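Undergrad: The chain contents come next:
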Amino acid sequence: MDIRTLSSIKSKFVARQVAEELVIVPLSGNVAQMNELFTLNETGKFIWENVSEDKTATQISALMTAEFDIDEQTAQRDVETFLTQMDLLEKYNH
Amino acid sequence: MNQFGFEFNIAIAEIVLHVFSKKAIELEDGYVPFLVDKSKTADIEVECFQGLPEVDFDALKLLFDAKNEEQRFYSIYEVAEGYCFVLFDQQTKDEIQQIAYLNAAFDNWKIHSRNAMALKYPMGPIIMHYLTLLTDAVLMHASCAFDGKKGRLFSGFSGAGKSTMSMIWANAGSQIINDDRLVIRKMDNQFFVYNTPMYYVDISKKAPLSAIYLISHFPENKAKKLSGALAVSKVMAFCIQNNFDKSFINKRLEFFADLCSTTPIYELGFVPNESVVTYITENEKQG
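So the protein lines, in turn, are chains V and E. Going by the numbering used here, the first residue of the first sequence is number 1, and it counts up by one from there. Going by the numbering used here, the first residue of the second sequence is number 1, and it counts up by one from there.
Chain V on its own, in the form it takes in the complex (with noise of 0.2 Å):
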């Protein structure tokens, strides 16, 4: 999924943060998806949570630097991983 794709579906998911990690739950309207909720490590709970309109990739990789004390690359590498993983929840961008 692009960066872009998953700030558009943002809004359609609640969001708490439970010690460190974040569940993310969908807006739904059927059953068929009550039982769907995600949960984010701290790594996926600062991506997600830093995932804007105004953002790209690369700036959200730039900020994991500072946050995690990571270089540049492995902070892309964690950007690209955690965007691949967000795929399964592409059926809610409609």
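I should point out that these hints are in silico values taken from the structure, not numbers from a laboratory. All values derive from a computational prediction rather than experimental measurement. A couple of the hints might just be wrong.
[As the list claims (entries may be wrong)] Sample of chain V residues lacking proximity to chain E, with all beta carbon distances greater than 10 Å (derived):
| # | residue |
| --- | --- |
| 1 | V18 |
| 2 | E20 |
| 3 | A66 |
| 4 | D71 |
| 5 | N93 |
[To be verified] Straight-line distance between alpha carbons at most 35 Å, and here's what the computed DSBU-like set of lysine-lysine pairs gives:
| # | chain 1 | residue 1 | chain 2 | residue 2 |
| --- | --- | --- | --- | --- |
| 6 | E | K285 | E | K150 |
| 7 | E | K186 | E | K38 |
| 8 | E | K206 | E | K285 |
| 9 | V | K55 | V | K45 |
| 10 | V | K55 | V | K10 |
| 11 | E | K246 | V | K12 |
| 12 | E | K186 | V | K12 |
| 13 | E | K225 | V | K10 |
| 14 | E | K285 | V | K12 |
| 15 | V | K45 | E | K222 |
| 16 | E | K234 | V | K45 |
| 17 | E | K246 | V | K45 |
| 18 | E | K224 | V | K55 |
| 19 | V | K55 | E | K251 |
| 20 | V | K91 | E | K225 |
| 21 | V | K45 | E | K67 |
| 22 | V | K12 | V | K91 |
| 23 | E | K224 | V | K91 |
| 24 | E | K224 | V | K10 |
| 25 | V | K91 | V | K10 |
| 26 | E | K246 | V | K91 |
| 27 | E | K22 | V | K91 |
| 28 | V | K10 | E | K246 |
| 29 | V | K55 | E | K61 |
| 30 | V | K91 | E | K206 |
| 31 | V | K91 | E | K234 |
| 32 | E | K150 | V | K10 |
| 33 | E | K150 | E | K225 |
| 34 | E | K149 | E | K251 |
| 35 | V | K10 | E | K186 |
| 36 | E | K23 | V | K12 |
| 37 | V | K12 | E | K38 |
| 38 | V | K12 | E | K110 |
| 39 | V | K12 | E | K150 |
| 40 | V | K10 | E | K251 |
The beta-carbon is built from N, C-alpha and C at its ideal position, and this holds for glycine as well.
Put chain E on the given structure of chain V with help from the hints.
TA: Chain E only, in chain V's frame:
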């Protein structure tokens, strides 16, 4: 089936519903043990009417559709005063059984029924779900066994063994609070489990909640403690929800975050015999 006349009070999880009508109401037998004194102050008003009103559903915004490939259960539409529910007959499948209106404060229902059975399934469980939004409570697909000290709640997918687990604990001397659908409610800083009216007759019951087990059949008894976001997401998945409104989801998340921070949550693979009782009690002693 019982004919109850024109006015009565029902208490579910200590929430009192005042049900009334100008015509006699028939109740499914499972509601009878939940009738309480008419003098009790009601939290929710439920006015019942016989006959279905004309409604132009095409002119309303559809919020939620409860249906699967085989069956339509109910649909929820947005109306000025709150929500309009359309419930379908579970035998004929497409025939409208009730049209019900719920106000935005969740404390006033107007139920129009095809006949005298105003609370006929799935109307009852829908009312129960929305009454939990009035307070610190949730409606769960779960069973619960109470041994006199501890209430152990067992939840899982259909076929995971909730009824089997109930039978095993009943044989070991525990009281079964319910083996399918129950309310968890926080009162005075403690979580309690309540049974709800079912298709069978059972007295109204309450137990303190001590632990939650998410169960599945397995070759051996094996428990794994869950915590944090994972515990919240796994337990909340078995809560009965209509997630078309962000405020509903926020309320549920807040409840489960609180519940999971104070109540032990386990994933439990179990062998369906009495060995699981010993395993659980020993496991709890070890923390």
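Undergrad: Against each hint, give a clear statement of whether it holds in the structure.
TA: These are the hints, each one checked on the structure:
1. Under the 10 Å C-beta cut-off, the non-interface status given to V18 (chain V) relative to chain E is violated; the minimum distance is some 4 Å.
2. Some Cβ of chain E comes within 10 Å of the Cβ of E20 (chain V); the nearest lies about 8 Å off, and the non-interface call is violated.
3. Distance check for A66 (chain V) against chain E: the nearest CB is about 24 Å away, which clears 10 Å, and the non-interface claim stands.
4. With a closest Cβ-Cβ approach of about 27 Å to chain E, D71 (chain V) is found to remain outside the 10 Å limit, as its non-interface label requires.
5. N93 (chain V), annotated as away from the interface, keeps every beta carbon of chain E farther than 10 Å; the closest lies near 17 Å.
6. Between K285 (chain E) and K150 (chain E), the direct Cα distance comes to roughly 13 Å. Compliance with the 35 Å bound is thereby established for this hinted pair.
7. At roughly 25 Å between alpha-carbon atoms, K186 (chain E) and K38 (chain E) fall within 35 Å of each other, so this suggested pair holds.
8. As the CA atoms of K206 (chain E) and K285 (chain E) are separated by approximately 24 Å, the hinted pair is consistent with the 35 Å bound.
9. For the hint pairing K55 (chain V) with K45 (chain V), the CA-to-CA distance comes to about 16 Å; that is within 35 Å, so the pair holds.
10. With a C-alpha separation of about 14 Å, the suggested pair K55 (chain V) and K10 (chain V) falls inside the 35 Å cut-off, and the hint holds.
11. Between the alpha carbons of K246 (chain E) and K12 (chain V) the distance comes to roughly 9 Å, so the proposed pair stays at or under 35 Å and holds.
12. Restraint check for K186 (chain E) and K12 (chain V): satisfied, since their Cα atoms lie roughly 29 Å apart, inside the 35 Å limit.
13. Restraint check: the Cα-Cα separation between K225 (chain E) and K10 (chain V) comes to about 31 Å, which is no more than 35 Å; the hinted pair holds.
14. The suggested pairing of K285 (chain E) with K12 (chain V) is violated, with an alpha-carbon distance near 43 Å, which exceeds 35 Å.
15. With a C-alpha separation of about 31 Å, the suggested pair K45 (chain V) and K222 (chain E) falls inside the 35 Å cut-off, and the hint holds.
16. A hinted pair counts as satisfied when its Cα atoms are at most 35 Å apart, and K234 (chain E) with K45 (chain V) qualifies at roughly 18 Å.
17. Among the hinted pairs, K246 (chain E) with K45 (chain V) is consistent with the structure: their alpha-carbon atoms are about 19 Å apart, no more than 35 Å.
18. Simply put, K224 (chain E) and K55 (chain V) have alpha-carbon atoms about 40 Å apart, too far for the 35 Å limit, and the pair is violated.
19. Straight-line distance between C-alpha atoms of K55 (chain V) and K251 (chain E) comes to about 30 Å, which keeps the hinted pair within the 35 Å bound.
20. Between K91 (chain V) and K225 (chain E) the CA atoms are separated by roughly 31 Å; this keeps the pair inside 35 Å, and the hint holds.
21. Using a Cα cut-off of 35 Å, the hinted pair K45 (chain V) and K67 (chain E) holds, with the two alpha carbons roughly 33 Å apart.
22. Proposed proximity of K12 (chain V) and K91 (chain V) is supported: the alpha carbons are some 11 Å apart, at most 35 Å.
23. Of the pairs offered as hints, the one joining K224 (chain E) and K91 (chain V) holds, with about 31 Å between alpha carbons and a cut-off of 35 Å not exceeded.
24. The suggested pairing of K224 (chain E) with K10 (chain V) holds, with an alpha-carbon distance near 32 Å, which does not exceed 35 Å.
25. Using a Cα cut-off of 35 Å, the hinted pair K91 (chain V) and K10 (chain V) holds, with the two alpha carbons roughly 12 Å apart.
26. Distance restraint check for K246 (chain E) and K91 (chain V): the Cα-Cα separation of roughly 19 Å lies within the 35 Å cut-off, and the hinted pair is therefore satisfied.
27. Among the hinted pairs, K22 (chain E) with K91 (chain V) is inconsistent with the structure: their alpha-carbon atoms are about 47 Å apart, more than 35 Å.
28. Annotation: proposed proximity of K10 (chain V) to K246 (chain E) holds, straight-line Cα distance about 13 Å (limit 35 Å).
29. For the hint pairing K55 (chain V) with K61 (chain E), the CA-to-CA distance comes to about 34 Å; that is within 35 Å, so the pair holds.
30. Only pairs whose Cα atoms come within 35 Å are accepted, and K91 (chain V) paired with K206 (chain E) is rejected, the gap being roughly 41 Å.
31. Taking the CA atoms of K91 (chain V) and K234 (chain E), the gap is about 21 Å. The hint holds against a cut of 35 Å.
32. In summary, the hint linking K150 (chain E) to K10 (chain V) is not supported, as the alpha carbons are separated by about 41 Å, beyond the 35 Å threshold.
33. About 18 Å separates the Cα atoms of K150 (chain E) and K225 (chain E), which keeps this hinted pair within 35 Å; it holds.
34. For the suggested pair K149 (chain E) and K251 (chain E), the alpha carbons sit about 29 Å apart, so the restraint of at most 35 Å is met.
35. Pair hint K10 (chain V) plus K186 (chain E) holds up; C-alpha atoms about 31 Å apart against a cutoff of 35 Å.
36. Between K23 (chain E) and K12 (chain V) the alpha-carbon distance is near 44 Å, which puts this suggested pair outside the 35 Å criterion.
37. Using a Cα cut-off of 35 Å, the hinted pair K12 (chain V) and K38 (chain E) is violated, with the two alpha carbons roughly 44 Å apart.
38. Taking the CA atoms of K12 (chain V) and K110 (chain E), the gap is near 31 Å; set against the 35 Å cutoff, the hint holds.
39. Taking the CA atoms of K12 (chain V) and K150 (chain E), the gap is about 39 Å. The hint is violated against a cut of 35 Å.
40. With a CA separation close to 19 Å, the supplied pair K10 (chain V) and K251 (chain E) stays within the 35 Å bound.
Figure legend: structure checked against the earlier numbered hints; hints not met, in rising order: 1, 2, 14, 18, 27, 30, 32, 36, 37 and 39.
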